Amino acid sequence: MEKVRFGVVGIGSMGRMHLANLQRNPRAEVVAVCARTEGKVKAAQEEFHVPYGYTSVEAMLENPEIDALVVATGADAHKEACLAACKAKKHIFCEKPLAKTIEDCEEIEKAVAGNVGKRFTVGFMRRFDPSYAEAKRKIREGAIGKPILFKGVSLDPASVLPAHLEGVKKGVYVPWFIEMGSHDTDLARWFLEGDPVDCFASGDAYVCTELADYNDYDNGFSLTRFDNNTTAYIQVGRTATCSHVESEIVGTKGTLRVNSVPRKNYLSAFTGSGYVEECQESFLARWGEAFAAEIDDFVDCVVTGRTPETTAHDGTMSLKYCLKLHQAYLDGKKK
Numbered sequence: 104m105e106k107v108r109f110g111v112v113g114i115g116s117m118g119r120m121h122l123a124n125l126q127r128n129p130r131a132e133v134v135a136v137c138a139r140t141e142g143k144v145k146a147a148q149e150e151f152h153v154p155y156g157y158t159s160v161e162a163m164l165e166n167p168e169i170d171a172l173v174v175a176t177g178a179d180a181h182k183e184a185c186l187a188a189c190k191a192k193k194h195i196f197c198e199k200p201l202a203k204t205i206e207d208c209e210e211i212e213k214a215v216a217g218n219v220g221k222r223f224t225v226g227f228m229r230r231f232d233p234s235y236a237e238a239k240r241k242i243r244e245g246a247i248g249k250p251i252l253f254k255g256v257s258l259d260p261a262s263v264l265p266a267h268l269e270g271v272k273k274g275v276y277v278p279w280f281i282e283m284g285s286h287d288t289d290l291a292r293w294f295l296e297g298d299p300v301d302c303f304a305s306g307d308a309y310v311c312t313e314l315a316d317y318n319d320y321d322n323g324f325s326l327t328r329f330d331n332n333t334t335a336y337i338q339v340g341r342t343a344t345c346s347h348v349e350s351e352i353v354g355t356k357g358t359l360r361v362n363s364v365p366r367k368n369y370l371s372a373f374t375g376s377g378y379v380e381e382c383q384e385s386f387l388a389r390w391g392e393a394f395a396a397e398i399d400d401f402v403d404c405v406v407t408g409r410t411p412e413t414t415a416h417d418g419t420m421s422l423k424y425c426l427k428l429h430q431a432y433l434d435g436k437k438k
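Here the sequence shown is numbered in the working numbering, starting from 104 and rising by one per residue.
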């Protein structure tokens, strides 16, 4: 069987992680990398033994050896890469969020619809985490009856704040309901099978006060009513002691909880210092298995012709929900 030959555009931490996962897949091969800086391109080529390197995604897509593209750039560059890949008739895996604006998302959706016969998905990797996938399976089997409430908490350690603030000042990062919240908005829609109608949000720049100058915050709390009479509570923050993501889905006949305690592993220590369980130190440590599973699933979709469950429209709707939460936060500050 021939391998699916990938090009990867964007070779920061996310791009390198996807590249490494693709190289572990026996049905995939990375043949090209692309970044704006020639030095980063050459370094990635040498480290991962990739034959082709480019500083232009358009030039990379002219390479006839490329079947599929992984878009792992910043969100501001997703649209151009996705549109170029659609024009070149390539399969596309795009990191979340799909884009920074609804208009860009809708433009990508239109291009994807015209890229007939090619596979497209958005990297909402939490759907592929074994625990979340099992929760969805149980819901489909009716284990908790009808889901009526989704609670999602996504927290980063306070150590990320200095770098995040610098990124905000440069216009690189977007507010946390949009950046981190995009995972929870996707999960809320996935588990509740509805779309948001009314949103209330609160919070503030409690620790990194400078974020307030950019309409940003280090903690946000929200409540949303969905069009099918269900509810979602989403909390995001950057002031935790560790990387911590947990979710709860409440149904009419039961409740499912995922990762209530952010355990690093199953080791418990009883010492003179007391009882200790170490926590997950980073999002890559927590989601490594999910990242590998989502890229493996995409490769399988390309090989078999199966349609990915996560669509470009899911990317658009997730961003719409994120923007509603952010606007609700801003509206609350005006009152």
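It cannot be assumed that every hint is accurate.
Claimed, not checked - Within a straight-line C-alpha distance of at most 30 angstroms, the following computed DSBU-like cross-link-like pairs (lysine-lysine) qualify:
#, residue 1, residue 2
1, Lys221, Lys203
2, Lys356, Lys203
3, Lys423, Lys436
4, Lys106, Lys213
5, Lys190, Lys241
6, Lys423, Lys437
7, Lys423, Lys203
8, Lys239, Lys249
9, Lys213, Lys145
10, Lys437, Lys239
11, Lys239, Lys213
12, Lys249, Lys192
13, Lys272, Lys436
14, Lys239, Lys190
Unchecked claim - Ranges of calculated distance between the beta carbons of each label pair, as one might list FRET restraints:
#, residue 1, residue 2, range
15, Tyr336, Gln148, 17 to 25 angstroms
16, Pro129, Lys438, 24 to 32 angstroms
17, Lys241, Thr407, 21 to 29 angstroms
In case anyone wonders, no lab produced these hints; they're calculated from the structure. These numbers come from a predicted model, not from an experiment. Note that the Cβ used here is the ideal one computed from N, Cα and C, for glycine as well.
Against the structure, the hints:
{"no.": "1", "hint": "Lys221 - Lys203", "result": "holds (24 angstroms)"}
{"no.": "2", "hint": "Lys356 - Lys203", "result": "violated (38 angstroms)"}
{"no.": "3", "hint": "Lys423 - Lys436", "result": "holds (20 angstroms)"}
{"no.": "4", "hint": "Lys106 - Lys213", "result": "holds (28 angstroms)"}
{"no.": "5", "hint": "Lys190 - Lys241", "result": "violated (40 angstroms)"}
{"no.": "6", "hint": "Lys423 - Lys437", "result": "holds (21 angstroms)"}
{"no.": "7", "hint": "Lys423 - Lys203", "result": "holds (10 angstroms)"}
{"no.": "8", "hint": "Lys239 - Lys249", "result": "holds (12 angstroms)"}
{"no.": "9", "hint": "Lys213 - Lys145", "result": "violated (34 angstroms)"}
{"no.": "10", "hint": "Lys437 - Lys239", "result": "violated (38 angstroms)"}
{"no.": "11", "hint": "Lys239 - Lys213", "result": "holds (29 angstroms)"}
{"no.": "12", "hint": "Lys249 - Lys192", "result": "violated (41 angstroms)"}
{"no.": "13", "hint": "Lys272 - Lys436", "result": "holds (21 angstroms)"}
{"no.": "14", "hint": "Lys239 - Lys190", "result": "violated (35 angstroms)"}
{"no.": "15", "hint": "Tyr336 - Gln148: 17 to 25 angstroms", "result": "violated (45 angstroms)"}
{"no.": "16", "hint": "Pro129 - Lys438: 24 to 32 angstroms", "result": "violated (57 angstroms)"}
{"no.": "17", "hint": "Lys241 - Thr407: 21 to 29 angstroms", "result": "holds (26 angstroms)"}
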